[in-house]
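J.: With chain A fixed as given, assemble chains B and C onto it according to the hints.
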Amino acid sequence: MLFKEFIVGSIRLITKGSRAYWAWISALLILIVIGVVTYTGQAHYGLIKTSMRDEVSWGFYIGNFTFMVGIAAAAIMLVVPAYIYNWKPIKEIVILGELLAISAIVMCILFIIVDMGRPERLWHMIPLIGKLRLGQSILAWDSLALSFYLILNFVIVSHILFRAFKIKDYSRKYVIPLVLLSIPAGIAIHTITAFLYNGIAARPFWNSAILAPKFLASAFCSGPAIMIILFQVLRKTTRLKIEDGAIWTLAELMAYTMFFNLFLTGAEIFKEAYSNTEHKVFTDYLYFGIGEHRKIVPYGWLAIAFDTIAFFLFLIPKTRKNYITLNIGAVLIYSGVYIEKGIGLIIPGFTPDTLGEIYEYFPSRTEIFITIGIFSTGFLIYTLMLKVAVPIIMGEFNFKRSEKQKLRVSRVTSLKT
Amino acid sequence: MKDQKQTLHPHRSIDRRDFMKWMAVGTSSIASLSALASCASDKTEAFFQQQFKELDEDELNAVLERLERDYKKNYNADIKVNATKPMENVVFGYGLDLSRCVGCRRCVYACVEENNQSRDPQIQWIKVLQMDKDRGVDLRHADPYYNPETVPEEGHFYMPVQCQQCRNAPCVKVCPVEATWQEPDGIVVVDYNWCIGCRNCMAACPYGARHFNWATPQIPAEEINTETEYLGNRPRLKGVVEKCTFCIQRVRNGKYPACVEICPVGARKFGNLLDEQSEIRMIMKNKRVFIFKEELNTQPKFYYFYGT
Amino acid sequence: MPSPLHRKIILIGLLFVGFTGCNNSTEADQDQLFPATTNAATAMDSTILIPVGSFSSDYFPCMDCHSEIVPNPQRRKLVEMHDDIVFDHDSENRWCLACHYIYNRDSLVLADGKRLGFDESYKLCGQCHGPKYRDWKLGIHGKRTGEWNGQKQYYLCVHCHDPHSPKFKPLQPMPPPERPEQIKIDSTYERSKTDTTST
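Chains as they are written, first to last, in my numbering: chain A, 958 to 1374; chain B, 10 to 317; chain C, 9 to 207.
Treat the hints with care, since some could be wrong.
Pairs of lysine-lysine residues, derived as DSS-like cross-links and limited to a Cα-Cα distance of at most 30 Å, are as follows [said to hold, decoys possible]:
{"no.": "1", "chain 1": "B", "residue 1": "Lys264", "chain 2": "C", "residue 2": "Lys85"}
{"no.": "2", "chain 1": "C", "residue 1": "Lys131", "chain 2": "C", "residue 2": "Lys175"}
{"no.": "3", "chain 1": "B", "residue 1": "Lys142", "chain 2": "A", "residue 2": "Lys1237"}
{"no.": "4", "chain 1": "C", "residue 1": "Lys177", "chain 2": "B", "residue 2": "Lys142"}
{"no.": "5", "chain 1": "A", "residue 1": "Lys1228", "chain 2": "B", "residue 2": "Lys302"}
{"no.": "6", "chain 1": "C", "residue 1": "Lys177", "chain 2": "B", "residue 2": "Lys296"}
{"no.": "7", "chain 1": "B", "residue 1": "Lys142", "chain 2": "C", "residue 2": "Lys131"}
FYI, nobody ran anything at the bench for these hints, they're computed from the structure.
Since we're looking at a predicted model, the values are computed, not measured.
Chain A on its own, in the form it takes in the complex (with noise of 0.2 Å):
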């Protein structure tokens, strides 16, 4: 049956590649390996492997959760122009956007389980059969709102490349009612993650209504960074046609979004500094420390430094075309938005606490080598749906291929026996 040709197939895909590919994979279950052992640490003695304590009780693990979670919005910056636009350039590609949106909700998933207490007890969670608390609490619908997201990108893009591997046409009736769900679906997975900091008035850091604009701002900005570095690297490396049409409007696409970014971090340190109440406290923490306390303060001024530059690079066209300021670009846009979210978001929150002490977080070797490996899971996950999904998008994975594939191995056993 052709489901099986095609898993079949995919295995074979897989399980075959040049040795830069194997050197890749290796080097990523080596990472993996590192991150769950370290994982078996933890959830022997517990989070205390963390450097999380009752005064900053969310650390990095909920940073890179926040920052996944905008990568996986962004795949909706492909979507748009793609199928509402019908921009032909980037239809083609759009898949790619959507299976880096899966393996980025993968990631968040796993973010959540090695934050948990009780990870265990994570069905309690399950409306029905736990106690899903859908009437206030965010993060259930959070919660919710992930799973369907994934779930959606899950089935849009397996109908799409089972149907071209079945050398047939995606139905439109399906897909595009549902790809253009995706949109609002995106943008609301990453605004209900940016009400779950922006509803919590303990925590005047976060208690401002521009979180969940500046969310969407930095998420659709870093996330389309990796796409354009993937972009130039499918091009060199598989016969993938992808026009410097789509990877040159990307970048300025995220130019604008950047700059919106940074307008409302503007605005954000007018509001501390001006009104000057003793919530500046936390804005302070971040870029000019107190007292002696001064940890993140580099990491303030790095992300702002970054997403300045990149800025730039992606507005003026000469840059913006150039492939070396480009990908310089790409880096520096995905590191700027990375240290924002994942320090300069969490820890200044919680930094005075709500007594007004300082407990200075950093991430500890545990969470370092579990993030890594979480990491090397999403990477390792694209990595082999890539695989698949590029020689089927160029066709050269369908059912006819692997039937020839098939009589060849025939021929060949009935040669040798």
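T.: Relative to chain A, chains B and C alone:
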């Protein structure tokens, strides 16, 4: 010959010795399997246990018995776990006289003992903040780590902070699985067997009142308080949140919380907010109370006042 | 961190001071002093007043010695006896006989001359410390133990405030909490029991 006989009539070749051997093996394996099964069934029961409010009378009793079995095994102590119902027409309120507190921290340690808090890693439900008299209640300059020879120190006053049992509790609002809720008598409780350890409530609490078990709590055997409540002071487990419950195991039986009883200067007041004659209502009538971080609209039932 | 024994001593000490009644009341008087009641109320007669217990048998009953001494109302510095008492309670305007009845030292005396037993010393304090007395009667000032909805034990003024030198003595504070940086697992951290996953 013998072999042939065995092949033709296998049943007759089983003699009494073999029979006894098989019986011994059989019964011992059934016994050990059932012992494993009851232990395993305890574990599976624990895994599938529903939230406290969903349990009916029988299920709740089974849970309490299972907990007592577990505590006996793990702590080697006869810990009694109750599920006392709240009293009718009672809403608990607390008063704290800032003109009296001297910062001796006896309340902190009385609470630790009464409520079976972990000594290592250390968990303390009450935090006493030393403030400057010049600045008044100013958290930026508050210090919980003061350690002079004697208290009170010149130029300072002391403000203990614990769970404020908010009427509009942000921790209750954000919990994704309803592992924490407000009981009819006003106490905000945590179901330690339902909490998933996401710590959203800790981020949401403006008073730093919620604490997390970052590792398995350690309590010295001789200090365990064996009279416990399911929703209160029973020994907790790794990876769940806990907090002050106004000594739910005491107040639902008519006693004062441990912190009220131990305070050597009478700075702590407790009573039923619905009783006009209670100390706390007298305080609200005759003194001027204030709410900590009132602008957050958490509506706590913990009232600070200045007696003098 | 104080040992559990240390903490227990503090607790027992407080209760001991509260419950060692040492006054000249007979058994019948004891009953009057502790009327039993089960209703929650703040009226004085439905609560238990914890009797004072700081009298040693050296001094009490006072009239053992004072019945043979001629009362001397002249204010002076005491030399032969009670010279160990530090009097620091408005000493500019008052001295011993402001509170102790000159003709019967087993009694206290109010400003209008009315005599008072030591078990009712709070009324004497209330003469001058009116607002505090009002607060104490309502439970706003002072300490109460027992049942918040039933029988309460009121600590008398002299329980916490030495009437001769009433200013509250500073206490030694109990240890500060551990800083979050200090909370960690070191290599000797032993899991004495497996994680109680079944609770």
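J.: Compare the structure with each hint and give your call.
T.: Hint-by-hint comparison with the structure:
Among the hinted pairs, Lys264(B) with Lys85(C) is inconsistent with the structure: their alpha-carbon atoms are about 48 Å apart, more than 30 Å. Using a Cα cut-off of 30 Å, the hinted pair Lys131(C) and Lys175(C) holds, with the two alpha carbons roughly 19 Å apart. Using a Cα cut-off of 30 Å, the hinted pair Lys142(B) and Lys1237(A) holds, with the two alpha carbons roughly 23 Å apart. Restraint check for Lys177(C) and Lys142(B): satisfied, since their Cα atoms lie roughly 19 Å apart, inside the 30 Å limit.
In summary, the hint linking Lys1228(A) to Lys302(B) is supported, as the alpha carbons are separated by about 21 Å, within the 30 Å threshold. Between Lys177(C) and Lys296(B) the CA atoms are separated by roughly 25 Å; this keeps the pair inside 30 Å, and the hint holds. A threshold of 30 Å between alpha carbons decides the hint, and for Lys142(B) with Lys131(C) the separation of about 33 Å lies outside it, so the pair is violated.
Hints 1, 7 from the earlier list are contradicted by this structure; the remaining hints agree with it.
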